[in-house]
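Colleague: Sequence:
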Amino acid sequence: MEDRWLSVDEIGTYLGVKRDTIYKWISEKTMPAHRVGRLWKFKKDEVDSWIKTGGAADRNKKDSEE
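Residue numbering for the sequence shown is 1 to 66, as defined by the UniProt record's numbering.
None of these hints come from the bench; they were simulated from the model. From a predicted model like this one, the values you see are computed outputs, not experimental measurements. One should not assume that every hint holds.
Distance condition first, Cα-Cα at most 25 angstroms in a straight line; then the derived BS3-like pairs of lysine-lysine [as the list claims (entries may be wrong)]:
(1) K24 to K41
(2) K18 to K43
(3) K43 to K29
(4) K52 to K41
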């Protein structure tokens with residue numbers, strides 16, 4: 001099993017979201033990311049756990065639907 005650090009573009013492709021969404025999640029939703037110089041890097045298992053615990057959930061969506 002390959003355990004390497006993923007870039008913003010790679011994690012965005014993996015999750016099916018745009019890079020702007022990734023940067024927003026880092027700043028607003030405490031997405032697990034690690035700064036390496038000027039770059040953000042991600043461990044897939046950390047991101048998977050974060051999503052499974054609701055980290056990427058849109059908490060305001062329910063309120064706006066009512």
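Colleague: Tell me the numbers of any earlier hints that the structure contravenes, in ascending order.
Modeller: Result: no hint breaks.
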